[in-house]
Amino acid sequence: MKQISVAEYEEGQLAVLALDTQGNLYKRKEVTEVFPEGTHWYVIDNADLMSGKRQMQFANTSVGPGGEMWAASSERGGAVLRRLGSSEVDNFRDFVWFRGVSGSWQYLSAHGWRCRKS
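If you read the sequence shown in my numbering, its first letter stands for residue -13, the second for the next number, and so on.
Since the hints were made in silico from the structure, they are not lab data. Treat the hints with care, since some could be wrong.
Said to hold, decoys possible - The following label-pair restraints were derived from C-beta to C-beta distances: (1) Ile(-10) <-> Gly63: 31 to 39 Å; (2) Arg68 <-> His26: 21 to 29 Å; (3) Lys15 <-> Lys(-12): 30 to 38 Å; (4) Lys(-12) <-> Val87: 30 to 38 Å; (5) Glu19 <-> Met(-13): 17 to 25 Å; (6) Thr18 <-> Gly63: 18 to 26 Å; (7) Val87 <-> Thr18: 18 to 26 Å; (8) Gly63 <-> Gln8: 18 to 26 Å; (9) Phe84 <-> Lys15: 18 to 26 Å; (10) Thr7 <-> Arg68: 20 to 28 Å; (11) Gly63 <-> Lys(-12): 17 to 25 Å; (12) Ile(-10) <-> Asp31: 13 to 21 Å; (13) Gln(-11) <-> His26: 13 to 21 Å; (14) Ser90 <-> Val20: 41 to 49 Å.
We put the CB at the ideal spot given by N, CA and C, even for glycine.
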């Protein structure tokens, strides 16, 4: 793993993302107060909502408060990407990446991002 990002998405609940040297993204599963190291890594599907393209590679990732997941693509001009789909941070079946601004992004941080909950 070349990068790990950790953030609290609910009180006492952590989201842990990791990026390997090949640009693949993983989420640590079953992270709890009793077992904070979790049990295993889950590969996050890297489908791009804008193109339907598979096997997109990532240069950087960040998880912020509320479980917001952001990444910088290592392809197509280093676009900023945001994970969209189910609001449940542990449910990755219905998620896709939405491509935002391109601009040779290499690093980003979602730690200052606050999503409003109604």
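Distance restraint hint 18 to 26 Å, applied to the beta-carbon atoms of Phe84 and Lys15:
With Cβ atoms ~24 Å apart, the hint holds.
Beta-carbon spacing of Ile(-10) to Asp31 - inside the hinted bounds 13 to 21 Å or not:
holds (19 Å)
So does Gly63 sit 18 to 26 Å from Gln8, Cβ to Cβ?
The hint (18 to 26 Å, Cβ to Cβ) holds, given that Gly63 and Gln8 are roughly 20 Å apart.
Note whether the CB distance of Val87 and Thr18 lies within 18 to 26 Å or breaks it.
violated (36 Å)
Do the Cβ positions of Glu19 and Met(-13) conform to the proposed distance bound of 17 to 25 Å?
With a Cβ separation near 23 Å, Glu19 and Met(-13) satisfy 17 to 25 Å, so the hint holds.
Go ahead and decide if the range 31 to 39 Å is satisfied by the Cβ distance of Ile(-10) to Gly63.
With Cβ atoms ~25 Å apart, the hint is violated.
Given the hint of 30 to 38 Å, is the C-beta distance from Lys(-12) to Val87 inside that range or not?
With Cβ atoms ~23 Å apart, the hint is violated.
Does the Cβ distance between Lys15 and Lys(-12) fall inside 30 to 38 Å?
At 20 Å between Cβs, range violated.
Please check whether Arg68 and His26 have a Cβ separation lying inside 21 to 29 Å.
holds (25 Å)
Are Thr18 and Gly63 spaced within 18 to 26 Å by their CB atoms?
violated (39 Å)
Between Thr7 and Arg68, does the C-beta distance stay in 20 to 28 Å?
With Cβ atoms ~23 Å apart, the hint holds.
Range hint 13 to 21 Å (beta carbons of Gln(-11) and His26) holds or violated
Because 18 Å falls inside the window, the suggested range holds.
Checked against the numbered hints above, the structure violates hints 1, 3, 4, 6 and 7; every other hint is satisfied.
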